[in-house]
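Chemist: One letter stands for each residue in the lines below.
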Amino acid sequence: MADGSLRKIGRFCLIFCKQKKNRTEGGCVCTATKIGRRGSGGGRERGFSTTTATTEEKRSPQQQHSQGNDNKKSSNINLFTAINQALQIALDTDPRAYVFGEDVSFGGVFRCTTGLADQFGKNRVFNTPLCEQGIVGFGIGLAAMIVNEAAKFRYRSGNQFNCGGLTIRAPYGAVGHGGHYHSQSPEAFFCHVPGIKVVVPRSPQQAKGLLLSCIRDPNPVVFFEPKWLYRLAVEEVPENDYMLPLSQAEVIREGADITLVGWGAQLAIMEQACVDAEKDGISCELIDLKTLIPWDKDTVVASVRKTGRLLISHEAPITGGFGAEISASIVERCFLRLEAPVTRVCGLDTPFPLVFEPFYLPTKNKILDAIKSTVNY
Amino acid sequence: MGFYLSKSRTVMHNLKPKLGSLGVMFHQSSGIASFSHHQESQSGLIKNLGAGSCNRPTLFTIWRSEHFKAEKQLDCKQNSGGPQISDELAVRMYTYMAMLQTMDTIFYEAQRQGRISFYVTAIGEEAINIASAAALQLDDPVFPQYRESGVLLWRGFTLQEFANQCFGNKNDNCKGRQMPAHYGSVKHNYFTVASTVATQVPHAVGAAYSLKMDRINACSITYFGDGGTSTGDFHAALNFAAVMEAPVIFFCRNNGWAISTPVGDQFRSDGIVVRGQAYGVHSIRVDGNDALAIYSAVRAARQMAITEQRPVLIEALTYRGGHHTTSDDSTRYRSAEEIEWWRVAQCPVSRFRKWLEKEGWWNSDAETELRASLRKQVLRAIQVAEQVEKPPVADIFTDVYDAPPSNLHEQETTLLETIEKHPKEYPPNFSC
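In order, the protein sequences belong to chains A and B.
Just so we're aligned: 290 in full-length UniProt numbering is position 290 of the first sequence, and the numbers increase by one with no gaps anywhere.
Just so we're aligned: 52 in full-length UniProt numbering is position 52 of the second sequence, and the numbers increase by one with no gaps anywhere.
There's no promise every hint is true.
[Stated by the list, open to error] Output of the computed footprint for chain A on chain B, the stretches with three or more beta carbons under 8 Å from beta carbons of chain A:
| hint | segment |
| --- | --- |
| 1 | 175-184 |
| 2 | 201-211 |
| 3 | 238-251 |
| 4 | 388-402 |
Treat the hints as calculated values from the structure; they're not laboratory data.
Given the structure is predicted, the values throughout are model-derived calculations rather than measurements.
Ideal placement from N, C-alpha and C gives every residue a C-beta, glycine not left out.
The shape of chain A in the complex, shown without the other chains (with noise of 0.2 Å):
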């Protein structure tokens, strides 16, 4: 599976591969990273805002605590800078963690290993060839050893192995100058792929606790970064170690007139499409779904019988993007609460185009343009 698929994608993987013990909690997470740009983050206005006031207010005690909010140290950190404190812990917190792949010695070329080789020593933080098949073989090799092509090890031996300690990180998205190879958003291949979870992070502190929940989690996980977020995402990052849950999406913003489903980077211009759409008198409520696969189907399901509209936006290419997929079951469950078709307002249908980014992404002004149509439908 995944070596066919990330050869498919071309060129593009930062890897991790965990290795679990059946006694002990072990966890063995390898790192692999492909030579990309550095995103400089370009002159593109990109408004973001991750949690948001919002939310922030209607987060229980319990998701507080979850948060690591209790009382922790929490500092103003970037995407990379949360998922190198990820890194380092998983590394602490499990002796038989590696992170290993292209150029993470030195760092990494979005600077997420940091300072892990040499606080880690080089048999754990290490360089690898320049082949993705290969680090995903080695990782699963790596991962499966002690308990015993990631998505169907387990399943095809009965269970008697598993590389369920394999974790792959990869940065995918636009990131305002990444042409056809650098602004890929593959998730919708791994979605359709019966034994990995795919999870996508919406900001730094979601994405240290989603990653760790990741790196833990007892099956092999793909783990998209947003690139566009990795210097210019900024926020209050609790220090400690935390963790969110897998398979459950999240309401970050209420409304009662549509619904809105994304992931990833693209919920801060959905974000904004919202806040305009509020001045037309439009209470739009935006749910970042965080897992793709297996989804939370039950929190869109009660959001859109609520609304009885839905907008799904991703910037992958929208025939055959996993917006389909969400598509597809909200129509099944909830055809008589629909006022107006489900919008899918995605990538167009070609390979990125370099110059032509601003025509290609999904943008705010396509947003809030479906959001009045289906309002209006």
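Put chain B on the given structure of chain A with help from the hints.
Modeler: What follows is chain B alone, placed relative to chain A:
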């Protein structure tokens, strides 16, 4: 066809379209510079070769045995006096080689009779299977391709367990999910076979790295064929193993054929042994039909891998005596004479038996008794396995993840409702 070329490439280019499965070019130094197509008469070819005996094999095999001879390897380790193996070990090895042969013959027939859906034999490669396994320890994890059931057999997987997997019944420890001959057993440290070619090779490297980091006194071993060495995963794995200094044995069963693709259409290197060298991996070529040679090589490789913490490549030259699988009829691309020659004249099991007899450790009475007993055991295992019911339908949904997510619970409920509504549309012997 492969060839060893000293002439210019333009010669080859002109002749290339004519190459059929038995077309051959000979090395200049062998005194022959002829090209022949498989439609030419066999006797004419034999005359060209200047070979004496009428029992000489076809051109492909002559060429191959000339050019891939074990002694031509660059890094030859000569064994003085042969390995020291006890009579007990030797007889045990022979018993298991015969067991593998018997299992293969009878299971193959069971497939032809329609009792199982598919089967893969290891005919001609019994020495590789058993002798390599005998040289390893149970602590050494095995990452097989699919023609190494003898390794699992040696380790203690029973004939009944083999049969259960082939029938996909509820006692199959892989829960009926995969095609027959896709065995796996955590108890025997034998990772489950997958149909994908050579994907296991990098896995073995990762596993070896884990052994290294845990300072475990073991190495991993992975098997693959000549075809598997063309994949990206093979090259990645060797390179990684060398750089990571991983204690892994790469065992290539160079049996001349990747389904219908002969080695000449597979690579133009001097076999596989040079590839290991190219990546900085100690490599050795052995006669794959010589059980003792394989035993020594694997023992030495294991020692080297563990004490020096480095990978080792073994290229075993052999011949795929059977069809690729039961879905193949290899007489469509190779001659029956060629197959027959290898199966009779080069049979590794007969060869080992002759040596045993020469040592005074075996005789024809023992042979008769063994063969009869094995046959009975295999037949019994099949009969029993055939009667056992299939696994529960619930096993469709388990083990996709460690615990089934909600979508799988829903799908299971829906499926059970469907089965209840249309019971006659579904096969009967599955527990619900």
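Chemist: Indicate, hint by hint, whether the structure satisfies it.
Modeler: Tested hints:
| no. | hint | result |
| --- | --- | --- |
| 1 | 175-184 | holds (count 5) |
| 2 | 201-211 | holds (count 11) |
| 3 | 238-251 | holds (count 4) |
| 4 | 388-402 | holds (count 5) |
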